[in-house]
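Engineer: Given the sequences, and given the hints that come with them, work out the whole structure.
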Amino acid sequence: MKRPGAPFRILSPTAILGYGFPEDSFRRGLRRRPHLIGVDAGSTDPGPYYLGSGTSFTDREGVKRDLRLMLRAGVRAGIPVVIGSAGGAGAAPHLAWCRAIVREIAREERLAFRLGVVATDVPRATVLAALRGGRVRALPCVPALTEEAVRASTHIVAQVGLEPVQAALRRGCDVVLCGRCYDPAVFAALPVLRGHDPALALHLGKILECAAIAATPGSGADCVLGTLRGDAFELETLNPARRFTRLSTAAHTLYEKSDPTRLPGPGGLLNLEACVFRELRGGRVEVRGSRFEPDPEGWLKIEGARPAGFRCVSIAGIRDPILVRRIDATLEAVRAAVEPGRPGRLWFHVYGRDGVMRDAEPERGPPGREVGLVIEAVAPTQAQADSLCSLARSTLLHYGYPGRISTAGNLAFPFSPSDLRAGPVYAFSIYHLVRPGARPFAFPVRVETLRGDR
Amino acid sequence: MTNRPTRAARPPAIPLTRLARVIRSKNAGPFELTLDVLFKTGRGFRLARESGVFTRRRIARLYRVRPGDVLGLLWFEPARAVKVTLRRRIPSGAPGDSDIYGAQQHAPLLALTVPEGAGTTAKSAEKGRARPTP
Numbered sequence: 000m001k002r003p004g005a006p007f008r009i010l011s012p013t014a015i016l017g018y019g020f021p022e023d024s025f026r027r028g029l030r031r032r033p034h035l036i037g038v039d040a041g042s043t044d045p046g047p048y049y050l051g052s053g054t055s056f057t058d059r060e061g062v063k064r065d066l067r068l069m070l071r072a073g074v075r076a077g078i079p080v081v082i083g084s085a086g087g088a089g090a091a092p093h094l095a096w097c098r099a100i101v102r103e104i105a106r107e108e109r110l111a112f113r114l115g116v117v118a119t120d121v122p123r124a125t126v127l128a129a130l131r132g133g134r135v136r137a138l139p140c141v142p143a144l145t146e147e148a149v150r151a152s153t154h155i156v157a158q159v160g161l162e163p164v165q166a167a168l169r170r171g172c173d174v175v176l177c178g179r180c181y182d183p184a185v186f187a188a189l190p191v192l193r194g195h196d197p198a199l200a201l202h203l204g205k206i207l208e209c210a211a212i213a214a215t216p217g218s219g220a221d222c223v224l225g226t227l228r229g230d231a232f233e234l235e236t237l238n239p240a241r242r243f244t245r246l247s248t249a250a251h252t253l254y255e256k257s258d259p260t261r262l263p264g265p266g267g268l269l270n271l272e273a274c275v276f277r278e279l280r281g282g283r284v285e286v287r288g289s290r291f292e293p294d295p296e297g298w299l300k301i302e303g304a305r306p307a308g309f310r311c312v313s314i315a316g317i318r319d320p321i322l323v324r325r326i327d328a329t330l331e332a333v334r335a336a337v338e339p340g341r342p343g344r345l346w347f348h349v350y351g352r353d354g355v356m357r358d359a360e361p362e363r364g365p366p367g368r369e370v371g372l373v374i375e376a377v378a379p380t381q382a383q384a385d386s387l388c389s390l391a392r393s394t395l396l397h398y399g400y401p402g403r404i405s406t407a408g409n410l411a412f413p414f415s416p417s418d419l420r421a422g423p424v425y426a427f428s429i430y431h432l433v434r435p436g437a438r439p440f441a442f443p444v445r446v447e448t449l450r451g452d453r
Numbered sequence: 000m001t002n003r004p005t006r007a008a009r010p011p012a013i014p015l016t017r018l019a020r021v022i023r024s025k026n027a028g029p030f031e032l033t034l035d036v037l038f039k040t041g042r043g044f045r046l047a048r049e050s051g052v053f054t055r056r057r058i059a060r061l062y063r064v065r066p067g068d069v070l071g072l073l074w075f076e077p078a079r080a081v082k083v084t085l086r087r088r089i090p091s092g093a094p095g096d097s098d099i100y101g102a103q104q105h106a107p108l109l110a111l112t113v114p115e116g117a118g119t120t121a122k123s124a125e126k127g128r129a130r131p132t133p
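Protein sequence lines, in the order shown, are assigned to chains A and B. Residue numbers in the first sequence follow numbering that gives the first Met the number 0, run continuously in steps of one, and reach 453 at the last position. Residue numbers in the second sequence follow numbering that gives the first Met the number 0, run continuously in steps of one, and reach 133 at the last position.
If you are wondering where the hints come from, they were derived from the structure by calculation, not from laboratory data.
With beta-carbon atoms standing in for the labels, derived distance ranges:
{"hint": "1", "chain 1": "B", "residue 1": "Arg-63", "chain 2": "A", "residue 2": "Glu-331", "range": "13 to 23 Å"}
{"hint": "2", "chain 1": "A", "residue 1": "Ser-415", "chain 2": "B", "residue 2": "Trp-74", "range": "47 to 57 Å"}
{"hint": "3", "chain 1": "A", "residue 1": "Pro-139", "chain 2": "B", "residue 2": "Ala-106", "range": "17 to 27 Å"}
Some but not every residue of chain A turned toward chain B, in silico, with C-beta under 7 Å:
{"hint": "4", "residue": "Thr-43"}
{"hint": "5", "residue": "Pro-47"}
{"hint": "6", "residue": "Val-141"}
{"hint": "7", "residue": "Ala-249"}
{"hint": "8", "residue": "Lys-256"}
{"hint": "9", "residue": "Arg-357"}
{"hint": "10", "residue": "Asp-358"}
{"hint": "11", "residue": "Pro-361"}
{"hint": "12", "residue": "Ala-426"}
If you're wondering where the values come from, they're calculated on a predicted model, not measured in any experiment. Yeah, the Cβ is synthetic: ideal placement off N, Cα and C, and Gly gets one too.
Structural biologist: So, in structure tokens, the structure goes:
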């Protein structure tokens, strides 16, 4: 369908809020008079700890610096700013953390605006009801959800789509801070509200959420501009050192996805099978042919993490060639000496042998000149983890392996203390699809007016 | 150069690292690992696709997993790429994991070679005349 509508320009400053961007690129983007500034602030990539513990994987100073530039420019020029997956994982504590930063900036910069805060937490009772009602589906490779896992999860969030962000925009919010959000929806919510094609808007959002990663040379810390017009969208970089090419844009659709042409998300499936990428002058690329297949059942992805004990680690190097050759037998002997009968489990990460790939390591030959060893103990309490790690470390330090000629100690510790308390451990407990029952899921928007006084 | 063994019995093989400009691994969500090979040229892409080097069985052997744990193997012409998705042995960040982002699991692919095909060259393969190499 041809939509003649006026062009809609979107400025994406950075791939993750807090990763930074050059101010020159950002200013060039502002000169193009964008209709929206959007940024994705989260990911599950850093692992379950951040969702589980309610902390951010990004640095507060970095987030504040990026947000200051975006809010100052957006509020002063009347350009809406949308932030998705606030605080990294998007649960209530992450949202509160990011909201505090926004309010701090508003005070410091004397910015007056309407702030919409969209909570995307899902109560345990809601998930349990869905589970009992047969409205939960596991994603590939994920174990079936149990009531026990739901109860054990510290935070459960839904990855929301366009509607909750649009609800905030409809209420006149200048800045929208959303909890866990489908990355493309951050960029697509407003243009779709203004009548642009959801397929093109979401596909553009899918590229913009990574900022300049889809350009060449790629970067997650540089700004790009996307323009929706009628039946196509256009991408351009805002740094003369980079450009979009047909190949760089097409290649990006592969990134972090299991299928490059069929991208399921909240609201439906983005189908890129018929996409055509065309290079334009000036390092720009035009894309058309993206399709959207709506999901009438309204499945949403929910994410949760649960406590998995406490961790203590000890880091050491081994340089003795006799021990390096006997490393497997020695570590297993140490495990056999300390693990049985004690709460918790030990892992030995043997860098220089298979510390990175473990069982998948194809080269099974003896390690090289030296190996790096991380002793990891995980146990139900911190004290138990500390004890297990300490015992494994001291046993290994003085273990008399066969052929030993270095009898004063087997390990080179870089640090004192040698054992580092790593605190609580979390594991992903929920990574499932859930469908609403008789009533739709509620993602309340709280609107607050910031008056720009100190 | 003097004692170079002759390999007359085998068709010449091109290292994958010469055909590809990107070979990478990354999480596709916390429970899956996805491997991407982006080829430099359309010719290299087609040569690799027709060579039969990328099969579920071969990737499973390479990564020491069951063939059923290779969840997908897709060729994507617009990006001149092949994508392989594996089940993660341990979900990202669970105790015992060794690569939270899954960003360093690409190394086994670096050792792959793509046979040019007996009696065919890369150029003729591009024109679609190459048979899949056993």
